[in-house]
Amino acid sequence: IAGITQAPTSQILAAGRRMTLRCTQDMRHNAMYWYRQDLGLGLRLIHYSNTAGTTGKGEVPDGYSVSRANTDDFPLTLASAVPSQTSVYFCASSPGGFNTGELFFGEGSRLTVL
Amino acid sequence: QKEVEQDPGPLSVPEGAIVSLNCTYSNSAFQYFMWYRQYSRKGPELLMYTYSSGNKEDGRFTAQVDKSSKYISLFIRDSQPSDSATYLCAMSRDSGNTPLVFGKGTRLSVIA
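In the order they appear, the protein sequences are chains A and B.
Position 72, counted from 1, in the first sequence is what the working numbering calls 72; the numbers after and before it change by one each time, with no gaps.
Position 36, counted from 1, in the second sequence is what the working numbering calls 1036; the numbers after and before it change by one each time, with no gaps.
Among the hints, a few may not be true.
Said to hold, decoys possible - Only pairs whose alpha carbons sit at most 20 Å apart, straight line, appear in this in silico DMTMM-like list of lysine to aspartate or glutamate:
1. B:Lys1042 / A:Asp38
2. B:Lys1002 / A:Asp26
3. B:Lys1067 / A:Asp38
4. A:Lys57 / B:Glu1005
5. B:Lys1042 / A:Asp62
6. B:Lys1070 / B:Asp1094
7. B:Lys1002 / A:Glu59
8. B:Lys1056 / B:Asp1083
9. A:Lys57 / A:Asp26
10. B:Lys1070 / B:Glu1003
11. B:Lys1056 / A:Glu102
12. B:Lys1002 / B:Asp1094
As the list claims (entries may be wrong) - If you want a taste of the chain B side facing chain A, the calculated C-beta under 8 Å gives, among others:
13. Pro1010
14. Pro1014
15. Glu1015
16. Gly1016
17. Val1019
18. Tyr1039
19. Tyr1071
20. Leu1088
21. Gly1103
22. Lys1104
23. Arg1107
24. Ala1112
It is worth saying that the hints were derived from the structure and are not from the lab.
We treat Cβ as the ideally placed atom computed from N, Cα and C, and that holds for glycine.
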């Protein structure tokens, strides 16, 4: 089934460790996004990419980095994880430009930082 | 005042009821309005997409936008237990240049 694949689905991580959340899409969508979802705070945009080779900062980018080497992959890296980064992380994509039309979301990666 | 306000619920209704979910917003520049549905432990999926004011119907779902009141609604007729989910509103100023702004979501339970 076409769509977005995120890995890992769940991870427990010690504070200070480096972690990369992987995201792959097979829909050839131009734009990709990383959101975090926290109880009471809703979905918040971390980073985005309008097209391969470009990235931009969202609402809560600190502590996170992304790269977009090709159309399909958009990994999110936590260089040195902290407990406040405990969250559910969603990768999403859209066929057009930035937030045109429908966003397609992955199933999420649940990250716990101890 | 936050840009988008949405009552988190939870909202619990009996099967067959008409459900009304709402969001208010403060930015009069918003033109594109969406409703996403998110089942437990899943990613959100687009349910309805409307541009500017008016109504849009799709099966049991109706999306309504009142720009003069800065108020959007999602109505679910003949609600089913399978409609139990969190519903998130989202909106944007223009198509392609600015981020979507999401509401925090309303958790709905439809009881059989």
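Let's test the interface hint: is any C-beta of chain A closer than 8 Å to that of Val1019 of chain B? violated, 20 Å
So if I understand the rule, the pair passes when the alpha-carbon distance is 20 Å or less; does Lys1002 of chain B with Asp26 of chain A pass? violated, 35 Å
Is Lys1056 of chain B within 20 Å of Glu102 of chain A, Cα to Cα? holds, 16 Å
Evaluation of the interface hint that places Leu1088 of chain B against chain A, nearest CB under 8 Å: Constraint on Leu1088 of chain B satisfied, holds at 7 Å.
Distance restraint between Lys1056 of chain B and Asp1083 of chain B, which requires alpha-carbon spacing of 20 Å or less: holds, 18 Å
Agreement of hint Tyr1039 of chain B with chain A interface, Cβ distance less than 8 Å: At about 10 Å, which exceeds the 8 Å cut-off, the nearest Cβ of chain A leaves the hint on Tyr1039 of chain B violated.
Going straight from one Cα to the other, do Lys57 of chain A and Asp26 of chain A come out at no more than 20 Å? Violated: Lys57 of chain A and Asp26 of chain A sit about 24 Å apart, past 20 Å.
With a cut-off of 20 Å on the C-alpha distance, tell me whether Lys1070 of chain B and Asp1094 of chain B pass. holds, 16 Å
Are the Cα positions of Lys1067 of chain B and Asp38 of chain A separated by 20 Å at most? The hint is violated at about 29 Å.
Sort out whether Asp38 of chain A lies within 20 Å of Lys1042 of chain B, counting only the CA atoms. Holds, at about 14 Å.
Has the given pair, Lys1070 of chain B with Glu1003 of chain B, been kept, meaning a C-alpha gap of at most 20 Å? Within the cut-off at roughly 11 Å; holds.
Less than 8 Å between beta-carbons is the criterion; does Arg1107 of chain B satisfy it with respect to chain A? violated, 11 Å
Hints 2, 3, 4, 5, 9, 13, 14, 15, 16, 17, 18, 19, 23 and 24 from the earlier list are contradicted by this structure; the remaining hints agree with it.
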